[in-house]
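*Asks:* Sequences listed follow chains A and B, in order. Residue 176 in our numbering sits at position 176 of the first sequence; the count goes up by one each step and never skips. If you want our numbering, it's the 1-based position in the second sequence plus 1000.
Source of the hints: derived by calculation from the structure; they are not laboratory data. Just to be clear, a hint being listed does not mean it is correct.
Unchecked claim - Only part of the chain A face toward chain B is listed, based on derived beta-carbon distances under 7 Å:
| hint | residue |
| --- | --- |
| 1 | I174 |
| 2 | G416 |
| 3 | A492 |
| 4 | T506 |
| 5 | A531 |
Each residue gets a CB set at the ideal place from its N, CA and C atoms; glycine is no exception.
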Amino acid sequence: MSSTAAGLAQVGLLIAALAVVYRPFGDYVARVYTGTKHMKVERAIYRTARIDPDSEQRWGTYALAVLGFSFVGVAFLYLLQRFQSLLPFDFDRGSVTPGMAFNTAVSFVTNTNWQSYVPETVLGHTVQMVGLTVQNFVSAAVGLAVAVALVRGFVRDRTDRLGNFWVDMTRGVIRILLPVAFVFAIVLVATGVVMSLKSGVSVDGQEVATAPVASQEAIKELGTNGGGVLNANSAHPFENPNSWSNLIEIFLLLVIPVSLTRTFGTLVGNRKQGYVLLSVMGVLWALMLTVIWWAEANGIRPLEGKELRFGIPGSALFANSTTDTSTGAVNAMHDSFTGLGGGGAMLNILFGEMTPGGVGTGLYSILVMAVIAMFLAGLMVGRTPEYLGKKLGKREVTAAAVSILAMPTVLLIGAGIAAILPGTQAALNNPGEHGLSEILYAYASAANNNGSAFAGITVTNDWFQASLGVCMALGRFVPIIAVLCLAGSLAAQKKVPETAGTLPTTGPLFATLLAGAIVLVAALTFVPALALGPIAEALL
Amino acid sequence: MTTTTDRPQRTPDEVRERHARNLGHQVAAGLFNPEQLLKSFPDALRKFDPRHQLRNPVMFVVWVGSLLVTVFAVGDPSVFTIAVAVWLWLTVLFANLAEAVAEGRGKAQADSLRKTKKDAVARRLTEGGEERVPGTELHVGDLVVVEAGEVIPGDGDVVEGIATVDESAITGESAPVIRESGGDRSAVTGGTTALSDRIVVKITTKPGESFVDRMIALVEGAQRQKTPNEIALTILLSTLTIIFLLAVVALQPFAIFSGGEQSVIVLTALLVCLIPTTIGALLSAIGIAGMDRLVQRNVLATSGKAVEAAGDIDTLLLDKTGTITWGNRQATEFIPAGGTTIDALVDAARLSSLADGTPEGRSVVELCVTRYGRAAEPTDQEKTGEFVPFTAQTRMSGIDLGGRSIRKGAASAFTLDQSTKAIVDEISAEGGTPLVVADNGTVLGVIRLSDVVKPGMRERFAELRAMGIRTVMVTGDNPLTAKAIAAEAGVDDFLAEAKPEDKMALIRKEQEGGKLVAMTGDGTNDAPALAQADVGVAMNTGTSAAKEAGNMVDLDSDPTKLIEIVEIGKQLLITRGALTTFSVANDLAKYFAILPAMFAAIYPQLDKLNIMALGSPQSAILSAVIFNALVIVVLIPLALRGVRYKPSNASALLRRNLLIYGLGGIVTPFAGIWLIDLLVGLIPGIG
């Protein structure tokens, strides 16, 4: 089989697998968040934490719960790293420096999994398993919870209640993430992924690091986290040994964001509303896959920075999916991609992580974009704009605007300062347009909570540790607060009935409009910067 | 509840013509001529005041940018820097001009209204008699006397007497109207003139808050507050402005990193080209012009919010009488009885009605003329007949001519045989009114009078349906009659035997389901429903109570106007949305013009993006700036007129507007900037 045919077969298999689970899994997720019964283990958790699972929260309380929970997560993770030397399985790797510990703590709590550290030499198994892996679960569950709260805003009628964050979070972990991750950890072991508590093995006198990889690998992809247990991430044979594991990992990182569109359609009572979002996500994903694949296949040194066991299609498929989902795991060096291919991966991130985006974050981000698109569309049909039966007025537009503004603001300010800092040139492998691409990619990855690195840039100085940490935090929590505020004002509204005058949001016209809005907002915001980086590279 | 209008009866032809005018799909343009630009120039200059600019975030950024560029241009004068500075200031000027032109048109109307306010002297009734006070010193509750030839000093209700009043100063309609105490025709407006008789008016509004005052304030835009959708749009435009500000500010460090530092002038030019100046400049003009279009149609809205709400209407309540039907029962059929021929019946019916001035009588003659080819005018011989008018006792009217005594009247006034009685009963059952025609006591046949649906109503309701608006006909008729007329007119639903409470209940029910309801009304008992409706249009002929309760007043008292109001409301929003889309779509071409101009020096490969083949970096940047400024002027007429609106469903509208203003917005600047660049290249010192 030629490489292209094998690649197409992989894409076909991937889409078929997603199609099979789409309906049952999407509907299952919908049931998880609408069910009134609590499982025994959940009751135990609520009792211990003194939570009344049947009381609901206003948007402000919900947002405070998210922030409080995340803050505690950051503090815990920071301390865990700072006191690593006291913990078991630390293999004498010592305590993590303050800058790196801060960056890593924020990175994992925000579902970014940007890694400024080298796992094999910096972190022991305790921090990995008790710290990072726990956050891989709960940070994904936070994204799910916020998305569900926004959907409730659309569904509910004249209420100030959005649900209970603690319940949504607990259910996300226990009913969705844990069981799926458990099954796939075993599947991954079967494909050859390593699972070991040893620090390493000696092969022909050379020490090769090992870790409990499989258990973390599954949630790394499933929760669109992306933080590698080993430095080479999914390019490492212990994390991603062959094309089967490669395909399974790509499936895992897409399965929740994709299926959530079904959950959405089910929850709003009109499945077509979900299909139309899926179609927008799917078209942009396929388009960018084509661009990256073509660019890499036609590069000057096509296989530079790629694993031979995946080849160009396997690498392009992974790169496209990981940047489209805010996962950030990599199975190839994006820095070695062509100007167009690497620029495509960067553009995926700059779309704002909604094609299909991260777990939960993808759904709420595309809904925010739909609010903006429908506002303009509503004006153009001569009615006060509405979406899913809710009017889009001053409050809704403001919340959506703040949510959309956060990412470009922190990205451009961070990258702008970095570009002129004296220490930056020294941190870069390359000058000129490729150097600027490396800077832009780093801040795009942080601000969008993607976490993949273009690499080619050393990000361990204090400026990068601190500024990227701040970018990750603001890029995560400002949109979350805005989204919950939007949910609150939507839920308070009376539902407007659908009449013959309502602009339908289930057809190709709306899909075109939404896809256009996603591309246009990203293009208009970032083209000037991209012109000096990937565009200048690609036009050479 | 009544919809009687006291307008002098128009002939059917007049009404039809008027109606046909209203039927024009396109909400017609307010005329715009370049002269207005010149006239508005002084006002536009005054608007350079930064306090004024602050109200519009987008244009404020341009204003600050112009100042910044001017400072740098003075420090480094060249043809290019000065030209950019001048064109940036022109951008601000054009925006000011757009607003000033829109306001100027309102001012002209306000001036003519003010003339009606010429200080009227009021004859206030006091306990001992009357005193003369200036109209401005009247209080609510004062009683004033107005006699023929005098100007009514303030808004109020007639509490005594009846008079004909010339309201042309307000409505533009020259025919006088009748105002009388009691009933639904008691409201008078300050500034109108009594033509006959003597009336006593109880003043209902304070001076300065009268109808004319409000109207002046409205057309001048003095009290213009941003409407909800306008505020939301302003937030979106501000967001876009912030994004572009960030993109441009961050570009400088990236440029320095790449070894191609940019001048403040070039960066500011890029910023102004990117932010949505087109819609920013025209936004307030669009709002003012929208109100203006209403005023031109003699509709007075109390707020811009009401106009926007009109575009959102889901359900339209229309009174049957006078709105959907002509309001007068008209002859529609002749049914001979016994052995009478149709010709004999038609001739007799015509003769009986020739001198009958009532609408029914005239409709009989008209039917004879149009369907049976009889003469409309009496012959000399026929003129010799003696007209016998209708009285309550005889319940019939007719003519005595050459020994014949021809009568037509209510069925109960004649003795009828079985077959005629059957005809009469059938007509009654179908909701019509039978008129029996007899010659010397012999019954010849029956005229069917029925409610005639105005022509074109069915099409209008179909259009409304296409726009997603449901029409409900409200009538006092019995359900059977109502159903027949509803089916004929093509309304979606009807409310029969409606009492004012029923109307109110219907509005509440619709609103409970989240729908927005519009209605018209004129009577005092309509007031609660008018207040409850989201858009309540009171007829100017109505009572003060109705006018106070509604949020719009139609000076023409034409209930079908509601349909136009809905269209104007929609057009207002569409114009804003379309120009926003156009403005944002323009940016693509500007990137292609400016980015290569800025950076081809450091990355020559970026010149591949210069697909317009613009002459030089300087001419490219200047051309983009000039295009950005000129497009505002070019679009002023569109902003004032509103984009073309054709009633159709939402998807079709969106598709059309996306195509014209989205795709058009992408393509137009490529051509525009390319053309301007050709001209700019001729300027020495550039290119």
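*Asks:* Need the list of violated hint numbers for this structure, in ascending order.
*Replies:* 1, 3 and 4
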